[in-house]
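Put together the whole structure using the sequences plus the hints.
Protein chains in written order, with my numbering: chain A, 1 to 421; chain B, 422 to 944; chain C, 945 to 1104.
By construction, these hints were calculated from the structure, which means they are not laboratory data.
Certain hints may be false.
Derived coverage of chain C by chain A (criterion: at least 3 residues anywhere in the stretch with Cβ under 8 Å from a Cβ of chain A; other residues may be distant) [what the hints assert, rightly or not]:
(1) 986 to 999
(2) 1065 to 1077
(3) 1085 to 1092
Even for Gly, the Cβ is constructed at its ideal location relative to N, Cα and C.
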Amino acid sequence: MTEKILTRNFDRADAHTLGAYRETGGYTGWEKARTMEPAGITEEVKKANLRGLGGAGFPTGMKWSFVPKNHTGPVYLVINADEGEPGTFKDRYLLERDPHALIDGMLIAARAVRCEKAFVYIRGEYVEPYRRFAAAVKEAYEAGLLGDGLDIVVHRGAGAYICGEETGLISSLEGKKGWPKVKPPFPAIKGAFGMPTIVNNVETIAHVPHIVNRGAAWFAGLGTKTMGGTRIYSVSGRVKRPGIYEESVGITLRQLIDRAGGVSGNGRLKGVVPGGSSAPILRADEIDVTMDVDGLRNAGTMAGSAGVIVMDETVSIPEALMVVARFYAHESCGQCTPCRESTGWIYKMSERILSGHGRKEDLDTILDVAKRGAGTTICAFYDGAVGPYISYIEKFRDEFEALVTDGAGTRARATPAPVAR
Amino acid sequence: MPKLTIDGKEIEVAPGTNLIEAARQLGIEIPHYCYHPGLSIAGQCRLCMVDIEKAPRPTIACNTQAADGMVVATQTERVKETQRSIMEFHLINHPLDCPVCDQAGECWLQIYYMKYGLYDPRMVDEKVHKPKAVPLGPHVMLDAERCILCSRCVRFCDEITGTGELGIFHRGDQSEIGLFPGRDLENKYSGNVVDICPVGALTDRDFRFQVRVWYLDTAKSICPGCARGCNIDVHVNRRRPHHAGGKRVARLKPRFNAEVNKWWLCDEGRYGYGFVDDASRVTTPVWRSEPVPWDTAIAEVTRALGRHAPDAVGVVASPKMPNEDLMAVRRLAEALGTRQVGFKVPPRTPGDQDDLLIRADKNPNTRAAELIGLDGDVAGILTAARSGRIKALWVFGHDLFDSAWLESDVTLALGALETLIFTGTNAGRTSALAHLVLPATAWVERDGTFTNWEGRVQRFRPAVEPLGEALPEWDIVGRVLGMLGHAASATRAEHWFVDLAANVEAFRGMTYQSIGETGRMTQ
Amino acid sequence: MTTVRMEFSAEQLAEVRRLQGLYPDPRGALLPVLHMAQDAFGHIPLAAEEYVAGLFGLSPAHVHEVVTFYTLYFQQPKGRHVVAICHNISCYLAGAPRILEHVKQRLGVDVDETTDDGRVTLQSVECLCACEHAPMMQVDDRYEFDLNPEKVDRILARLR
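Okay, here's the thing in structure tokens:
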């Protein structure tokens, strides 16, 4: 049984209070980090193999080390609490049930990157989590943990998935539309308000006090060779016990589904999305993979936000495609041409396929358009969109072909599908 | 200075040069929409992709600065496939408006599709619909469906005029260029967004449906609207006189000059050419309200001027006249022996000025008129006319009734004259009182030079034929000089420029050749 | 042109200035201040956008960009309550379309419409990140989990 680290306090009713947090050893990591050199903290986090848990899986210590050494102005730490990846809900729990863990981690991270002002960007829909976290920040100020070396500004978003992309988040924090920024320059060099900025996910930072307290080797040993620690899996869809599960990053997908009670629906697995909706789907015969970043990448998908969406045999994959295509079309920020134009188009095609007016060539069009657009955009949103576009059709082609006409590929205009928005 | 290789060719460029500009210096085109050298980098269209050695994927060229040792390839299969993909993305929701769109023929979707697209379209679903034919201010028309959301216009209004009227609202493929509802595109440079719009989303209202661009000819010119001397191209319609309501000048466009106006032109200058083809143009010499041949008119002018004592003859030149013509007027004044020569007429409304291009002096050649020595007291000349001390007056260009002076004063002055000669392009209240009206060519109908407020001498070229019997002022004055017995050896404006350069210190050493396409500063 | 005047009270203005002071560039306070405006005025009409633009020294067009970009800002008046039903993948698999139909019938409105009595505005939204309790919805500030028609009826009945 994996030791509960991040989730250890979740069932306490007062877990979110400073008192309860201190009782369970809270802020001792910060006490220890205060005696360490900033570079030393970064080294420890590097050796721990902590990787970003928001979706990109980037090595955290390495990201921290990108801040220019000779920079004399402010450095900003920005916490990405804009949880929005479909199938993911872990950060909601952390904000509501253990907000001080985030503050604890932020204090340490801020010391490591020499930040004196940090921002926490919470998605606008998370009102209760925002209130909990803001209250915890207030407690921390009153206890003198904040305000003497680190200030935290809590910032609510206003409803846009793209603000989960780190530079989209920065744009939004700056008071603009959530348009991601053209890179280079990268945020660690020039980010929020023109200053070096480190953007980290809530859960990633919540691990940091434990790494400092118990050591990098311990943390690294909990996981796989290239990724340390545990992470909180959000399991939903056709499982018997949907919910959060804190497990080693080395757990296999099969084991995780078992932990969650196994497949519901008709009890037989059709496919699983392992890392939030942007992760390519895995078939029932592909679930013996470790859930770490490299394990899932080698399986042709991604660890992403660890949002595990289970689909039993009664799920219609073409319907699932329409649902996620609708999501990406709605959330495309519209800044760059490939994503803006094709997310809407592919959604229309997916609707048309469901309505019975799809043609076989439409399936190849979706695949071709997705492959042509991947890698050409300002940010990875579109690469996330093509995850389902391509994997659903390639891995479950027969379901789609059953819905489309065996068209001769005529140029005659198909009956336009209703534009549902 | 970084040295890099593009398509096998080596080039050294200034630090900070992006790859689009570096390639341009080698004559290599990297297609692009959102990039504009006068605006910030947007990186939105994704068309300017190139392959850079060691980069795993094609990279956008606009946001990549040339680095020493960089190896760039613009013609790889991967780049070509990416360009074709990006063209398809741009055209997915684009309306098939070409038959009714003014941009046709100079549309960068058309041009790049033919060069980099050439795929079979496969979009059969309903396209996104947005507002069409939306006026943005008096000069610009928006078609939001045609817009490719390159954001050049938004950046222009933010970065160049600082007025921020335009935005991109909503998101995804519902994104739409627009104004704040209820507001207008109010800045004085609104026409520039039409220039920089690569497609037919932003078009000129005054050019709308007038004439197809492939019928237009072009000539390099200078805007005569103020003392800035913005460089322009004059686009004229000679081939389809039954289009555009018969107007010969179809539109003016800015021409890049790094030292004067960069890429921009103000609206007043851009849309201020209406007088050229207006019905009020004077087209034949007129004497006592009767049209007469040039010889007759010139003879009468010479007689009228010659029969008075020198200082009983006055000349009001115009700071709208080119350098050559002002030089001719100086020679005329010398030949007549008169010192009653001026050019400054105060405008009724003082001009406004800004930090960008607009100068308060709404004349293109004030500087030259000063340097050439024509700066006499025009108010004094009019007073002298009123009192009968000046009996013959030759007015070039001005309608004195449009000045700051009292209309009654002007009436008395002009009415007291024995002979009032008017030379100009359009009839007005001064020409109505003139005994002799001599038609002058508009600046687009001839060549010559202006000297801008900083002393930059710039050439303009003829774009159309003179209207009717109009002649350039230097020719009219030259003919009078000839009749006065002075050798009239000038058959081209350039001959007068030679005289100018030889005899006015500020212009010493200048030739038409040395002025070139970007102008030359006076001493 | 906009005619209705929208202004903050002196207290609210002080809060605006305080928020602006928290950010290295005061513009960073725009989203929070727009939330304030929506709380104060009920929604964010054009007059409010112009007013807020003035407080930030921004062109109204750029405030309009922000208001139209984000889904939580209402440009039109909304009901006293906002019911937002998630229609993304896990909720879809748990029967969200049926819940949505049920609510539409109960309220007598379509998506993005408000009931005649001004009580409820209905929305169908993307993932609210509570998939373990699918199907679910957000009612004003609260998440409501594990919906079925009966539970939905009880929740709607409590909305005045």
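Now for the hints, and whether the structure bears them out:
Only residues whose C-beta sits within less than 8 Å of a C-beta in chain A count toward coverage, and the segment 986 to 999 of chain C has 0 of them, not enough to reach three; the restraint is violated. With 8 residues having a beta carbon nearer than 8 Å to a beta carbon of chain A, the segment 1065 to 1077 of chain C meets the requirement of three or more and the stated coverage holds. Coverage of the segment 1085 to 1092 of chain C by chain A holds. Counting CB-CB distances below 8 Å, 3 residues qualify, and the rule asks for three or more.
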